[in-house]
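Undergrad: The hints should help you fit chain W onto chain V, whose structure is shown.
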Amino acid sequence: MMEMPRGADVVVIGAGATGLSTGWWLARAGISVIVIDSGLVGWGASGRNGGGCSHHFSPLFVEEQRLWPQLDDLLGYPTEFRPKRIRLAFDAHQLELYGAAARNAAHQGFGARLLDAKEARELVPLAGENVCGGYFYDFGGHANPHRTVQAFAWAMQDHGGQILQETKVTGFRRVGGRIAAVVTERGEIICQQVVLAAGPGTQKLAAMVDVPVPMVPARAEVLVTEPLPLMPIGGVDGNGLYGRQTLRGNLAYGGGPHEWLEDDAVFNTPSSTPLMPFLAGRLATLFPRVAHAKIIRSWAGVIENTPDGRPVIDRPADPGNLVIATLSSIGFGLSPATGHAIAQIVTEGRCQFADLSSFALARFRNLESDWAEIQGWRARPPETAPFLA
Amino acid sequence: MSFQPDPRSTASAELAPTEQVDVLVIGAGAAGMAAARQAAGDGRSVMLVDENPVSAETMGENVPLHFGGGMTGAVRNRNAMLEAVALGMPALEAALEDGVDVRLGTACWGIYTPGPDIGWLDGPVAGLMDGERSWMVRAGRIIVTAGRRDMGLAFPGWEKEGVMGITAAQRLAGLYDALLPRRVVVLGSSADTLRVARDIQTKGCMVLAVVDPGSVLRGPAALAAELEADGTRVLLGHAPARAEGQAAVSALTLRPVMPDGQAGEGAEIRLDCDGVLLGVGSVPVVDLLDAAGCRMSFDAARGGIVPFLDDRQMTTRPGIYAAGDCAGIWPEKSADTTIAEAEGQRAAMAEPGCGVDPHLASSDLAEERMAWVRATVLDSGDACHVCQCEEVTARDILEVRPPRYLGAETPDNEALRPNRRDLRGLLGDRPHPDQVKRLTRAGMGQCQGRRCREQVAALLALGSGQDYGAVRPASHRAPVRPIPVALAAQAVTETPAMAAHWDTWFGMPAQYVPFWAVADEYTASSRPRHSSDASE
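Just so you know, the sequences run in chain order V and W. Per this note's numbering, the very first residue in the first sequence carries number -14; after that it's consecutive. Per this note's numbering, the very first residue in the second sequence carries number 1061; after that it's consecutive.
Looking at chain V on its own, in the form it has when it is part of the complex (with noise of 0.2 angstroms):
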């Protein structure tokens, strides 16, 4: 087991995506920086995804889209970043929902192209006779999340930044208006600044220093094949699907249903559930060549989603030395851009290079005390007696 530290300057608390960026940030910047995790590195969402950054919508786009080409040299460790997307429409509807990405990103100066359904036979070899025709975004692509939320770790250490895995919060500290200290199962960690990214925990440990957070999780599915003869460009998707061709030739994809949880059941969960031959019949007409390629897994992720499924990135009055961050199920992708921001808020008090406005708790200033029953987010009861006896 690692020695544990007495201190630093800042502690995060959340070994995911945003988590590990914000340290990896800090301590390029000479910070002290410890991330404690009560399990392992990208464990939770941040590990289980469909690797896309393309999030158009997002005031962290521009800086998402800045930092992903450079991020392996950033980091010295291989990301599988490539860039660019295709989306895939099988009929009017689709194409036209698909259409706000280049809306969105042609707002803040990125292409796109429309392509007819011959284009787009020609761009996406695995595509069939079916497609009505697509976007090609000029931005974005697709990284593998379990070697980028690892290499965020390492690269961190690198710099003298600490990790602390398996190791949980169960308290913290708090002297005047501020947070003194992070109190976990094996010892206090003393500190200046927290930062707390704790995905789906976050609501729990915001709840300890009276922060009220909300939020309700959720399960949602991939299913992967086996590796198929590359495309020219993997982040293909459409029809429902989420998800992207791997650099080794596996298809990941995601989409349909998702499974809100009580959040006792949310780290327990099994891998998955029903949902993946769905997704199959979705991806069978997604992409027609592939029906006789083998599916060989299939997993889960759980995350956090917010009321309006926008991140919350704020700093509270008080404890006034606390960053709360969730990314509301969106999270991976904007990672590098967010761990930036969070940085820059530690050190300096607010984000320099985009407006996050948008994403302060006052938003929910009046929310209603019953907000995640009206709007039906909730666990579905277990039928009863479904057992043999």
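All clues stand as given, with none of them false.
Distance condition first, Cα-Cα at most 16 angstroms in a straight line; then the derived EDC-like pairs of lysine to aspartate or glutamate: (1) W:K1263 <-> W:D1290; (2) W:K1220 <-> W:E1451; (3) W:K1220 <-> W:D1332; (4) V:K153 <-> V:E170; (5) W:K1263 <-> W:E1286; (6) W:K1220 <-> W:E1304; (7) V:K279 <-> W:E1121; (8) V:K189 <-> V:E247; (9) V:K279 <-> W:E1117; (10) V:K279 <-> W:E1192; (11) V:K153 <-> V:E(-12); (12) V:K279 <-> W:D1190.
Each pair of labels, with its calculated beta carbon distance range: (13) V:D101 <-> W:G1133: 46 to 52 angstroms; (14) W:D1442 <-> V:D195: 53 to 59 angstroms; (15) V:P(-10) <-> W:R1293: 55 to 61 angstroms.
Over the 10 angstroms line for every Cβ pair with chain W, so calculated as not near, a few chain V residues: (16) R98; (17) R106; (18) I218.
Rather than coming from a laboratory, the hints here were simulated on the basis of the structure. The beta carbon of each residue, even a glycine, is placed where N, CA and C say it ideally should be.
TA: Frame of chain V; chain W shown alone:
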């Protein structure tokens, strides 16, 4: 206002299984057959599925056993294979008379049960497939009797045809009369391994040698003597150095080893052979159980990682039971099928009972597996692939190197990194096999880790100074058998309601509003709502 569930959640998902039974039994070995007959005798409707005979193509993919290409053309004769499997089940006729619905050539790729974490199922379900179709079955109880498989062991040349699991060889020789190798070397000397070696020998296959890196025979001396009487050499203190041959193995060279895996004194021994049978470890097949979320634990006396079971053979997932080899393997149980049968019956009745416990003292499983990996895999460097599917070497695993397909594009400032390029330096004191899997891809291939899982665990133990049993189990994922995309899609029907609400992500319009258009305040009752999919 009454509660309206989020229509884009699993509240709209519908499984509609095509078949329904009281009891589904997966695996028609001794335990499965006993469970099925017991349940049928109690008046339950019972379906008993067994994936055997798998097709020749599936055998070629080393599913469900490590066949290692060691089968004759006979496995392409589907009808003969079916007949062989049926003849190999002495109780088949009785089971059919009991009313058991027996489905041969039918594999189960996943089992699922409702619980606080899966609210959208109304009972246990299983995904099945045969050569032509896949479908879901709803069952009141699922009894998994999935049997055993062989631990893999890497040494240079172990990818060649004819290097195979001893259980696979036994099935080919005993059931199908389709074992290709005629002159084999057996690795391992446990009671199970010696028994199978003798069995294969009596079927006319020449067993040249039984090899073990240890200095004493692990199984009974009497069995070894029977083998020796028919020409088998017992070579203790030896381990494979390399297998030679073109596509197929033509010779195996053994080197003398000390108990710590270092080279021992004496000359190498070269044996001309066309088969190498891996009998270094019998592993309970827990893939379905683990993927379903049943709690697992390492139990050396039960053959390694096994499900946690109560006194009714029930796992920690209500509705799922386990019996037979997949619930635990030990020598007495392997030698006496009545133990497995009793487990199967108890699982079918689900009455608390008194199972037979393994003799704890008899097990040195962790030491045995570690000894093999020390003697072969640990120092193999880049000389062979521990994970054949993804071509991952022992050095790749011990140094957590990125996979070879990234070779050229791995940033080249490796020399500047202060991180030690070893397991502990990179991943801490207790490297998790899943973490190593994600980073090196060991175990991520088409054989779904069946050939490398135990070796990787032993390597992690040796590389990080942990006990073998302390290495946490690498996870299994459904589908536990590779299933073609189009076939998987047949198992369900996307209903119009599901299609109407299908969304790429959560289907929350507010989530995708561009930041420059976001309102200053958000409430649930004033939230934007779309009638069709909203994510982009």
